[in-house]
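J.: Next come the chains, spelled out residue by residue.
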Amino acid sequence: MSEIAQMDLNPRGAVKSESPLAMTRVNVVLAASARDAGVVVREKPFLGHLVLRGRAEDEAFRAGVERVLGLALPLALGPVARDEARGVSLQWMSPDEWLIVVPAGLEFDAEAALRRELTGHYAVMNTSGGQTVLELTGPKVRELLMKCTPYDVHPRAFPVGKGVSSVFAKSSAVIRRVDEERWELVIRRSFADYLYRWILDAAEEFGVFVSPSESAGSVEHRMAREAAVEGR
Amino acid sequence: MLHIYCPHCAETREEEEFRPKGEAHIARPVEPEATSDEDWGNYLFFRKNPRGLHHELWYHAAGCRKFFNVTRDTVSYQIHETYKVGQKPSVTADKGAAK
Ligand SMILES: [Zn+2]
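Protein sequences, first through last, are from chains A and W. With our numbering as the guide, the letters of the first sequence map in order to residues 1 to 232. With our numbering as the guide, the letters of the second sequence map in order to residues 1 to 99.
The hints are simulated quantities; they were obtained by calculation from the structure and are not laboratory data. Keep in mind the model is a prediction, meaning the values are calculated, not measured. Careful, some of the hints might be misleading.
Calculated cross-link-like contacts (lysine to aspartate or glutamate; reagent style EDC-like; alpha-carbon spacing at most 20 Å) [said to hold, decoys possible]:
id, chain 1, residue 1, chain 2, residue 2
1, A, K140, A, E180
2, A, K147, W, E16
3, A, K147, A, E181
4, W, K84, A, E204
5, A, K140, A, E117
6, A, K147, W, E15
7, A, K162, W, E11
8, A, K44, A, E180
9, A, K170, W, E15
10, W, K88, W, E23
11, W, K21, W, D73
12, A, K147, A, E205
13, A, K170, W, E14
14, A, K44, A, D83
15, W, K66, A, D193
16, W, K84, A, D201
17, A, K170, W, E16
18, A, K170, A, E181
19, W, K66, A, E97
20, W, K66, A, E135
21, A, K147, W, E14
22, A, K162, A, E97
23, A, K140, A, D179
24, W, K88, W, E56
25, W, K84, W, E11
26, A, K147, A, E180
27, A, K147, A, D193
28, W, K88, W, D73
29, A, K140, A, E181
30, A, K44, A, D152
31, A, K147, A, E204
32, A, K162, W, E14
33, W, K66, W, E14
34, A, K162, A, E84
35, W, K66, W, E81
36, A, K170, A, E84
37, W, K84, A, D96
38, A, K16, A, D201
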């Protein structure tokens, strides 16, 4: 008989066990409808995302951006410049960096127009393939966000219109408050799967409903792109 | 948790958003080829590690992704000030803060 202590790894009694692949399954109980849910999750896929770099103190740069986007360049952290009707937004990310979001298929034209109008020291990068937007609506979204980010989402610190970049679920996200109960997350492609499952899991206690995307799937996206190209 | 004021975002944010990057105000030798091995070694590897006031470089990793300086007491962890790269600290060991 050896002196080695052996442990039985199978617990006696009912203890929940999870396979290493347990997290690859979304096994969240969804609410019956958006009306029953505290949080409604909806992806806004295939939007045009452009990262703009430039010198905020350069008057010609600011004027050029405003001519192209019809929005004044925000010069500090705070409200996201936004034209809801045209689906265009412009967010301060850093003293020399902004995030532009335009409707699906319009990113090529937006980038071309910026390159036409801007001179001097600037850069435009199309990052549409690298990130996506999740829209969260409902009376419990703020409580959900409190579980996900150390940023203060109380209205005192996070009024309607504001956008920030912060830690989110041990990853990161751009968090934007569009309305009283409507928020947007801009998330990276490589974290999208993980963050989506995190959000569903965290929102389950409030009742969560996944709403179909406006332009779900690639067919509509292609049609939007073709329409944009035809109009060019 | 430290609350750190980012001079670029102009907001006090959670420590979790930041990364410490060691001692601040380390000037790279202007002429590396003409620098002695000892001076180059000091520049690359040797740091102050004081007990008390320390000027540090921090990075706002999850926010604006800019670097800035922090004057922090390594004993109490109290942050006395934060300021942009290129600026000078106003709180230093020789003036202010009784040893
Ligand atoms: Zn910052």
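J.: Determine for every hint whether it applies to the structure shown.
T.: Taking the hints in turn, this is what the structure says about them:
1. A:K140 x A:E180: holds (11 Å)
2. A:K147 x W:E16: holds (15 Å)
3. A:K147 x A:E181: holds (16 Å)
4. W:K84 x A:E204: violated (43 Å)
5. A:K140 x A:E117: violated (43 Å)
6. A:K147 x W:E15: holds (17 Å)
7. A:K162 x W:E11: This hinted pair holds, its Cα atoms lying about 13 Å apart.
8. A:K44 x A:E180: holds (19 Å)
9. A:K170 x W:E15: With Cα atoms ~13 Å apart, K170 of chain A and E15 of chain W stay inside 20 Å; holds.
10. W:K88 x W:E23: holds (14 Å)
11. W:K21 x W:D73: holds (16 Å)
12. A:K147 x A:E205: holds (12 Å)
13. A:K170 x W:E14: holds (13 Å)
14. A:K44 x A:D83: holds (16 Å)
15. W:K66 x A:D193: violated (28 Å)
16. W:K84 x A:D201: This hinted pair is violated, its Cα atoms lying about 40 Å apart.
17. A:K170 x W:E16: Answer holds: K170 of chain A to E16 of chain W is near 9 Å, not above 20 Å.
18. A:K170 x A:E181: violated (24 Å)
19. W:K66 x A:E97: This hinted pair holds, its Cα atoms lying about 11 Å apart.
20. W:K66 x A:E135: Given pair K66 of chain W, E135 of chain A is violated - Cα atoms ~28 Å apart, limit 20 Å.
21. A:K147 x W:E14: holds (15 Å)
22. A:K162 x A:E97: holds (16 Å)
23. A:K140 x A:D179: Holds. K140 of chain A to D179 of chain A sits at ~13 Å (cutoff 20 Å).
24. W:K88 x W:E56: holds (12 Å)
25. W:K84 x W:E11: Given pair K84 of chain W, E11 of chain W holds - Cα atoms ~14 Å apart, limit 20 Å.
26. A:K147 x A:E180: holds (18 Å)
27. A:K147 x A:D193: holds (18 Å)
28. W:K88 x W:D73: holds (17 Å)
29. A:K140 x A:E181: Answer holds: K140 of chain A to E181 of chain A is near 8 Å, not above 20 Å.
30. A:K44 x A:D152: violated (25 Å)
31. A:K147 x A:E204: holds (12 Å)
32. A:K162 x W:E14: Holds, at roughly 18 Å.
33. W:K66 x W:E14: holds (15 Å)
34. A:K162 x A:E84: holds (14 Å)
35. W:K66 x W:E81: holds (17 Å)
36. A:K170 x A:E84: violated (31 Å)
37. W:K84 x A:D96: Measuring from Cα to Cα gives roughly 14 Å; hence the hint holds.
38. A:K16 x A:D201: holds (17 Å)
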